[in-house]
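*Asks:* If you read the protein sequences in the order shown, they are chains A and B. Sequence positions in the first sequence follow the working numbering and run 70 to 182. Sequence positions in the second sequence follow the working numbering and run 330 to 442.
Quick caveat, the hints were computed from the structure, so don't treat them as lab data. Predicted model only: the values in this text are computed from it and were never measured. No residue lacks a Cβ here, since even glycine has one placed at the ideal position from N, Cα and C. Hints should not be assumed to be uniformly reliable.
What the hints assert, rightly or not - Which chain B residues stay away from chain A? Per the calculated CB distances, all over 10 angstroms, these:
1. Gln346
2. Ser356
3. Leu372
4. Ser394
5. Ala421
6. Gly436
7. Thr440
As the list claims (entries may be wrong) - With a cut-off of at most 25 angstroms between alpha-carbon atoms, the simulated BS3-like pairs for lysine-lysine come out as follows:
8. A:Lys169 to B:Lys386
9. B:Lys386 to A:Lys139
10. B:Lys386 to A:Lys126
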Amino acid sequence: GQQVMQIPQYQHVQEGEDFTTYCNSSTTLSNIQWYKQRPGGHPVFLIQLVKSGEVKKQKRLTFQFGEAKKNSSLHITATQTTDVGTYFCAGRPGSSNTGKLIFGQGTTLQVKP
Amino acid sequence: DSGVTQTPKHLITATGQRVTLRCSPRSGDLSVYWYQQSLDQGLQFLIQYYNGEERAKGNILERFSAQQFPDLHSELNLSSLELGDSALYFCASTRQEHTGELFFGEGSRLTVL
Numbered sequence: 070g071q072q073v074m075q076i077p078q079y080q081h082v083q084e085g086e087d088f089t090t091y092c093n094s095s096t097t098l099s100n101i102q103w104y105k106q107r108p109g110g111h112p113v114f115l116i117q118l119v120k121s122g123e124v125k126k127q128k129r130l131t132f133q134f135g136e137a138k139k140n141s142s143l144h145i146t147a148t149q150t151t152d153v154g155t156y157f158c159a160g161r162p163g164s165s166n167t168g169k170l171i172f173g174q175g176t177t178l179q180v181k182p
Numbered sequence: 330d331s332g333v334t335q336t337p338k339h340l341i342t343a344t345g346q347r348v349t350l351r352c353s354p355r356s357g358d359l360s361v362y363w364y365q366q367s368l369d370q371g372l373q374f375l376i377q378y379y380n381g382e383e384r385a386k387g388n389i390l391e392r393f394s395a396q397q398f399p400d401l402h403s404e405l406n407l408s409s410l411e412l413g414d415s416a417l418y419f420c421a422s423t424r425q426e427h428t429g430e431l432f433f434g435e436g437s438r439l440t441v442l
């Protein structure tokens, strides 16, 4: 079946270090979204990427969608303790629109002050 | 506050029992998603409804069923419960069917003893 794989599963960084999580799909995605879930909380939408090769920035966060629309990455520059949480990518499989939104396993980020 | 309401917040029941989880989407949202999140696990897509109709199905067990009512609220029914069904069940809603950010509720934590 359709799978969205995310690595690494866990990442511990010192405050101020950079962080990257990678997302790979077994099939082409029509779009990809990123969510953040704080400990004990619910997922909160960060961004959606639609176009092949698209790059979007939100302050210290940079999101990329691969040329083949099968992979994506989230990079955080100079992490802060407020960045702690689990980051999920979520993709809609197929070249045509679909309601199905498949989440990766998530990358849990711990930041040491 | 995402605007998505889920009840109950916590539920403890025994194996073999049946429970119903309820979700009220954000005002104006026509699409409802259900996800299962087990301990330290990602979000497993269960099912999606759009304006009362089932639109996409994930790895939802036959013991589980769902529906979306004319007033757009949704219910997830879990029957013949097993220990492994213990999890956090999230409902999310969105305005459009194939795109756009998902707004998640706080989740219903089910414990099966």
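*Asks:* Look at each hint and say if it fits the structure.
*Replies:* Hints, verified against the model:
1. Distance to chain A confirms B:Gln346 as a non-interface residue, since its nearest Cβ pair spans about 25 angstroms, more than 10 angstroms.
2. The claim that B:Ser356 is not at the interface with chain A holds, since no C-beta of that chain comes within 10 angstroms of its own (minimum 17 angstroms).
3. Some Cβ of chain A comes within 10 angstroms of the Cβ of B:Leu372; the nearest lies about 4 angstroms off, and the non-interface call is violated.
4. Its beta-carbon lying about 18 angstroms from the closest one in chain A, B:Ser394 satisfies the requirement of being farther than 10 angstroms from that chain.
5. For B:Ala421, the condition that its CB be more than 10 angstroms from all CB atoms of chain A is violated, with the nearest at approximately 8 angstroms.
6. With a minimum CB-CB distance of about 6 angstroms to chain A, B:Gly436 fails to clear the 10 angstroms threshold, and the non-interface call is violated.
7. No beta-carbon of chain A is positioned within 10 angstroms of the beta-carbon of B:Thr440; the least distance is around 16 angstroms.
8. With a CA separation close to 7 angstroms, the supplied pair A:Lys169 and B:Lys386 stays within the 25 angstroms bound.
9. Between B:Lys386 and A:Lys139, the direct Cα distance comes to roughly 21 angstroms. Compliance with the 25 angstroms bound is thereby established for this hinted pair.
10. Only pairs whose Cα atoms come within 25 angstroms are accepted, and B:Lys386 paired with A:Lys126 is rejected, the gap being roughly 32 angstroms.
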